[in-house]
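Chains as they are written, first to last, in the UniProt record's numbering: chain A, 1 to 545; chain B, 1 to 545.
Check before you lean on any hint, since a few could be wrong.
Since the list can't tell identical chains apart, any single copy or any two copies may satisfy a pair.
[What the hints assert, rightly or not] DSS-like cross-link-like pairs, simulated, lysine-lysine; straight-line CA separation at most 27 angstroms:
| no. | residue 1 | residue 2 |
| --- | --- | --- |
| 1 | LYS99 | LYS150 |
| 2 | LYS336 | LYS166 |
| 3 | LYS166 | LYS423 |
| 4 | LYS351 | LYS27 |
| 5 | LYS150 | LYS297 |
| 6 | LYS351 | LYS166 |
| 7 | LYS40 | LYS82 |
| 8 | LYS192 | LYS75 |
| 9 | LYS377 | LYS449 |
| 10 | LYS351 | LYS50 |
| 11 | LYS336 | LYS297 |
| 12 | LYS196 | LYS150 |
| 13 | LYS297 | LYS372 |
| 14 | LYS382 | LYS85 |
| 15 | LYS296 | LYS423 |
| 16 | LYS27 | LYS192 |
| 17 | LYS27 | LYS98 |
Simulated from the structure, these hints should not be mistaken for laboratory data.
Protein chains: 2
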Amino acid sequence: MYLSKQNNIIFCFLLCSSLFGYAQTEKFPLGNYEELTDEKAYDGIDIWSKQTDTQLSWGTTDTRYIKLNVPSIRKGLNFSAKAWKGERVNAQAVLWTKKDLSNVTVTVSDLKCGASVIPSSVIKTNFVRYVMTDELNKDGEGACGYRLNKAEWDSSLVADVLDIVKRIDVKANTVQPVWVTIWIPSGTKAGKYNGKLTVSGENTSPMTLNIDLEVLNRTLPSPKDWHFHLDLWQNPYSVVRYYQVPLWSPAHFDAMRPIMQLLANAGQKVITATIMHKPWNGQTEDPFDAMVGKTKKIDGSWVYDYTIFDQWVEFMQSVGIDRQINCYTLIPWALKFDYFDQATNRVLFVKTEPGNTLYNEYWGNFLADFAKHLQQKGWFDKTTIAMDERPLESMIETIKLIRSINPEFKISLAGHYHPEIEKELYDLCIAFGYQYPGEVKADREKAGKISTVYTCCTEARPNTFTFSPPAEAAWIGWHVMAANYDGYLRWSYNSWTIDPLRDSRFRTWAAGDCYLLYPLRRSTKYTNRSSDGGCYQPFLSACTG
Amino acid sequence: MYLSKQNNIIFCFLLCSSLFGYAQTEKFPLGNYEELTDEKAYDGIDIWSKQTDTQLSWGTTDTRYIKLNVPSIRKGLNFSAKAWKGERVNAQAVLWTKKDLSNVTVTVSDLKCGASVIPSSVIKTNFVRYVMTDELNKDGEGACGYRLNKAEWDSSLVADVLDIVKRIDVKANTVQPVWVTIWIPSGTKAGKYNGKLTVSGENTSPMTLNIDLEVLNRTLPSPKDWHFHLDLWQNPYSVVRYYQVPLWSPAHFDAMRPIMQLLANAGQKVITATIMHKPWNGQTEDPFDAMVGKTKKIDGSWVYDYTIFDQWVEFMQSVGIDRQINCYTLIPWALKFDYFDQATNRVLFVKTEPGNTLYNEYWGNFLADFAKHLQQKGWFDKTTIAMDERPLESMIETIKLIRSINPEFKISLAGHYHPEIEKELYDLCIAFGYQYPGEVKADREKAGKISTVYTCCTEARPNTFTFSPPAEAAWIGWHVMAANYDGYLRWSYNSWTIDPLRDSRFRTWAAGDCYLLYPLRRSTKYTNRSSDGGCYQPFLSACTG
């Protein structure tokens, strides 16, 4: 039995990427690039020299093969899996060589079952690249807190990036894994399919591996029809910085399209919208900012500009993420609220807190106008005013204000379970390891409410750091369903580090905490690559033949 | 012969003020206040003790009577002057005492000529107060440059402020001048009028001075009909800070009304408008800011908000300053231009310079829209795009841009005389000491163009620093007319220092450079005091009887 199918979940793990492209310099977005190096001891020439020239074998998607060590692998030429129609199947092949290889390419044949065909066009192959990671906190209990001095942390190079460059040079005495993804068309006829994967290079003979895929007579719905409530927070501001495009320009949306298409393919349900400046006080490399303009006129009245909010929501809907809009936040970490002041022609901040007159004026005026706008757009019922954990008293005051403006507003929270406000929360997400008490989950389900679970830097495991064992990502999905949550939330789909393709370490939290997806490389950045999209859980490849 | 009348000029000198009011604390705006003290040597008890108790005499408006010295004055009980109908006549009485006086008040009788009366209601009396000043630059050649360390400059307390508090305590061994202004109603019958000024106090007998005023059979027009082109730059931002009122709020306009009414009464012709952030790079205590909002939308288009510009212009017109609107500037000292960016919800700056594409886009778009707006308001013909001295090349490029957008735009410059651009300039103001060459002035007059002169920190004299001899202010007016300029410009009507009533020194330039008018004291700040308005050249009181 395949949990992934039964529960209709597929979500992103760091081993997702994007990635065609080739370019000359190393300005962001990166084109062709060199990986970093770490200071570990790896297999020397004595060990490598005992290998035959160049070898190829199927490996497992559960292993991060080390770049400079001869892989400890039971060589196998056959990959076998069973899968549903519409399912994505992942596999990992491993190439290692004691001589330099030039222009290595990977080709895949059609998979055939009598007259039936799974065409090679639905099979993607990616060279797996290496990124710098660090480690859990020294006590091994988690990964939160500052890590400003990288030298204090044990760092190493790990296999994680799926590079879609079509040809690659492989240096002598290194490993080059190849990630394989087969997205079985839902119209495929059931049956036992087989085909071949071939690795070629200028100075090596072609090497071949077999693929045996049994397509069962069951069909996985398309991601947008999955029930699993996936909520990975998107950061459009990272995309602007990394791709050096103007914020909210057509080039920005073009750059985001393949990124958000991958997320849609993973079954994402929620659009992350930010309705104020720095809801999380700029904790990410690229702070989130207001998607709604708020102007205070000299006569004291307020006007709001929804141009950006609307374009963002409409863009996300266009890629298929259209179930819910979570708007952060009326309770940020730093209680100051921005607006454009007509008198001074400047952006000013109101410093106030929930329950205060100024607070209620600033947010009350906005909420009334926002409700009207959402109703006009037909989005009111899918929008939540979203919070993450804040002091209970503040949340109570905020909810009181929201209700006073419009009792029908949906409200969401990612945080602790508070019985005092549980009933007010349409979308409630509690931390990993906590349960909804008694009948609460069932009652919420009956009321049409959503009850999910999240992980963040707190959990040593399971987690999705770049050093986490890949299977932990898969395990999270299993756990969500086994423990009867409606879905899963993570605060960071793509809050990239400065150089995310080469270095996943950040000034806070363990490496990889900030993003589940790598950026595309240059030269493909403005291409709509939705047909190449897809990022897959490693555990999907663990099917037995 | 009275130059002031012949040329219809009356303008402000630092000895202008406002000022009723009395209050308890010393928070700005000041209520009742103590003057500062300097470290000079003044007359001691030995000298003061030789005086009779308390004395009163007419003095001259050309003298700043020293606070702690027995005045060297030829005692006189009679003040005599000739004046036109509609003219303002100034005089200065001097009170000095070797004992403390409490609750000193000044009253004036009606002035009578047979059955004709100049009512006491048109006669204002002000106690003259003392403010801290400094000095010219050490070389005595000017007053420009930084003076950050006050201790490096010789400072002293000088008579300058006209306080309109109605009763005052006068300490033993001090001088208390009294400024007297008679604004002769234009309907007054010619003739010889006389009346009395009386100084009373709790512990002194009333003392009386005579006023003999001959009203001639000629009439001075009202200030708004004077030809003298007076252009003292107004700073609304100083008013906000000093009065602690919200920018462009009704309270702000209320606070400005008496201030700008005084300026209208002085014959001001020009409204100072600022169409960008910090046209002079924030050189004043309160930087000027944009009165026009500029927003760049995410589709690259621009929208402009004229709410504040319109309110400011309409306000100034309502106090009678309605001849011209000078809009600063397309060429600021720091070449960066602000706008509100819809994408980022932030105020951003374009860094560019005249002649560049970005510059022409930023200003060209604006000018086209601005022209349309001005035409709609019926203001196009009275508006100038205003510059002060910038590199000639930049000015040429800027003028080229303006002409390309609308050839009918009026342009003004305060700066050097440049033959290359003279013809383009509707309103040209050159520095003191320079002449319009050859036929230029006459040609400009024929073409309906304005040609004026300015002083600033450059001139050691004549000037209007708080230590300048008062007669220099009068002399400037005489000079303007004698040298055939159309009027006079000064860059600072009310760019107040932090504590303008007590300390006229500033971080740059000699004391008094930044303002020609003192703020009103608290408790009257929101009163429309236009009926009390008026500030007068000392030389007007130099009329002989």
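Okay, the hints, checked on the actual structure:
no.	hint	in the structure
1	LYS99 <-> LYS150	neither (33 angstroms within a copy, 77 angstroms between copies)
2	LYS336 <-> LYS166	neither (49 angstroms within a copy, 46 angstroms between copies)
3	LYS166 <-> LYS423	neither (52 angstroms within a copy, 67 angstroms between copies)
4	LYS351 <-> LYS27	between (39 angstroms within a copy, 24 angstroms between copies)
5	LYS150 <-> LYS297	neither (47 angstroms within a copy, 41 angstroms between copies)
6	LYS351 <-> LYS166	neither (53 angstroms within a copy, 42 angstroms between copies)
7	LYS40 <-> LYS82	neither (39 angstroms within a copy, 101 angstroms between copies)
8	LYS192 <-> LYS75	within (23 angstroms within a copy, 125 angstroms between copies)
9	LYS377 <-> LYS449	within (23 angstroms within a copy, 56 angstroms between copies)
10	LYS351 <-> LYS50	neither (68 angstroms within a copy, 63 angstroms between copies)
11	LYS336 <-> LYS297	both (19 angstroms within a copy, 25 angstroms between copies)
12	LYS196 <-> LYS150	neither (44 angstroms within a copy, 87 angstroms between copies)
13	LYS297 <-> LYS372	both (20 angstroms within a copy, 23 angstroms between copies)
14	LYS382 <-> LYS85	neither (31 angstroms within a copy, 77 angstroms between copies)
15	LYS296 <-> LYS423	neither (34 angstroms within a copy, 43 angstroms between copies)
16	LYS27 <-> LYS192	neither (47 angstroms within a copy, 89 angstroms between copies)
17	LYS27 <-> LYS98	neither (31 angstroms within a copy, 82 angstroms between copies)
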